[in-house]
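Protein chains: 2
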Amino acid sequence: MSLIVTGSIGIDTVITPEGKADEVLGGSCTYFAAAASFFCDVRLVAAVGEDFPDSHEAVFKQFKIDTSGLEKRQGSKTFRWTGKYLENMNDRETLEVQPNVLAEALPPVPADFRDSGYVFLANTHPAGQMELRQQFPEAKLVVADTMDLWIDTANEELRGLLKQIDGLVLNDSEAKLLTGRSNHVAAAEAIIDMGPKFVVIKKGEHGCLLLHKEGVVALPAYPAREVHDPTGAGDSYAGGMMGYLAASGDLSLASIKKSLAYGTIVASFNIEAFSLERMKRLSRKEIDDRYAGFADMLRID
Amino acid sequence: MSLIVTGSIGIDTVITPEGKADEVLGGSCTYFAAAASFFCDVRLVAAVGEDFPDSHEAVFKQFKIDTSGLEKRQGSKTFRWTGKYLENMNDRETLEVQPNVLAEALPPVPADFRDSGYVFLANTHPAGQMELRQQFPEAKLVVADTMDLWIDTANEELRGLLKQIDGLVLNDSEAKLLTGRSNHVAAAEAIIDMGPKFVVIKKGEHGCLLLHKEGVVALPAYPAREVHDPTGAGDSYAGGMMGYLAASGDLSLASIKKSLAYGTIVASFNIEAFSLERMKRLSRKEIDDRYAGFADMLRID
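Chains as they are written, first to last, in this note's numbering: chain V, 3 to 303; chain E, 3 to 303.
In isolation and in its complexed conformation, chain V is listed as follows (with noise of 0.2 Å):
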């Protein structure tokens, strides 16, 4: 069944430790349909400004995502975020960021996307996610990601928002903002409340919580010794759960965790290199290879 995700389009310049890489493609719905591209068809809805360069609009074409959604607006400008992560690679201060294009209205979703079974509403306010989530009345699962930003300045909307999703993927400082809870066990019990059916709490380089109606999984990350650019990180990670989900079509417990397994693997690929060039050249043998690896190495029994 088909997977469409909504989101940012971007033109980042991303310093780290390693490097720089300058106006090279990015945002959430780039790094997101990209990962689940290995799993499943991807439908993307997004709008981009009349700078965005055809070179960037080729990588979606190169991993087949349909982008009969992408909105090339005259007279916008891409949005463009700047950023730099400091040594640690996990703390990252934003240099400059320009909404451009994300200020403005949403793109409309084509006709014929209407019948996506699973939809990922990535990260913007929460108003524009649930006018989006209106759209796909039948779908057979629907999960959010959101930021800080919104939970300080939406959070009625946000609230509304959590009534009529299905589940919410969020970072662990973002988990305990929403909820006032430390303990990751207890910030995600307060979200389930909140109207979800389940909450993936996202710890980076510390690895993933899942709180479901059936139980709680707790996943370490794979443990990578070459981070060159973690941007990405968590959209990838989004995109790979949500790529197996919608291909497997199994919602249970046991399948949910092995999304997350898959998240983890492919976001673990992301990290390898700036930008999407890893994920350029990643094969899905090479995703079920170190996801073997990976299941031998949680082998406890």
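Note that these hints are calculated values from the structure, not bench results. Do not rely on the hints blindly, as some may be mistaken.
Claimed, not checked - Simulated pairs of lysine to any residue, SDA-like, Cα-Cα distance not exceeding 20 Å: (1) K22/V with W83/V; (2) K178/V with P225/E; (3) K287/V with P225/E; (4) K259/V with D303/E; (5) K215/E with D298/V; (6) K63/V with E279/V; (7) K178/V with D303/E; (8) K178/V with D93/E.
Once you have looked at the hints, place chain E on chain V.
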């Protein structure tokens, strides 16, 4: 085969957001020995002062720990520590520390303890750890813990010790301090280059990382909802780990991995109450049942 542990026994006063425990039994050796006692015979070498209450001494008997190496030194006072945990239950501040007997000569190792096959050198000055290590030339496995204080003030002695032990257990901030590397895999590699055959980096609520010649293993912490007192989590983790290894006699990577999981499980019980209260009413069956659930949680193939 017998497991011997040398380290501190203390009288702790612990303040957490949940409450306060006054003058309770604590110390690295204490938590370690109690945790290990669920798996194998445990011998203890440590010194306390003449102020050490009989009621605390009775706890060692309850865990069937061999205390013939416990010296109650006349004219000396027991090590005392007062600490306060912050709301997140991870960060803590030491409000008061009285080294007392810990600043004096090491207690002697009883002659009939010399045949101990498994040795754990709990955290103390590396010169003292070396002195103890040399009393067990035939040991099958010698593992040490350390801390930031010794990395800063006794770095040369610590480097010397690392050449004489099989394994090192330390926490993530200590691993970074010792190696200058923030990436945990890179830090572990740098430690292996200093001498030990394997290193275990403890990450508290984020789990642990093992680097061994045959591979790398990352495990999550047990997803605990109820944390009442984190004191001794790292020591009970090491106790469960070494206890399992001494009981199994198997030092393969697969066995060390299982030992980390047993350590994780025992530590997850320990933090459910102040001091050793939860371990006092813990059964091996409870450990095995939670272990089975943990193994099931980590099964992704």
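Provide an ascending list of the numbers of those earlier hints which the structure does not satisfy. Checked against the structure, the hints that fail are numbers 3 and 7, while the rest are satisfied.
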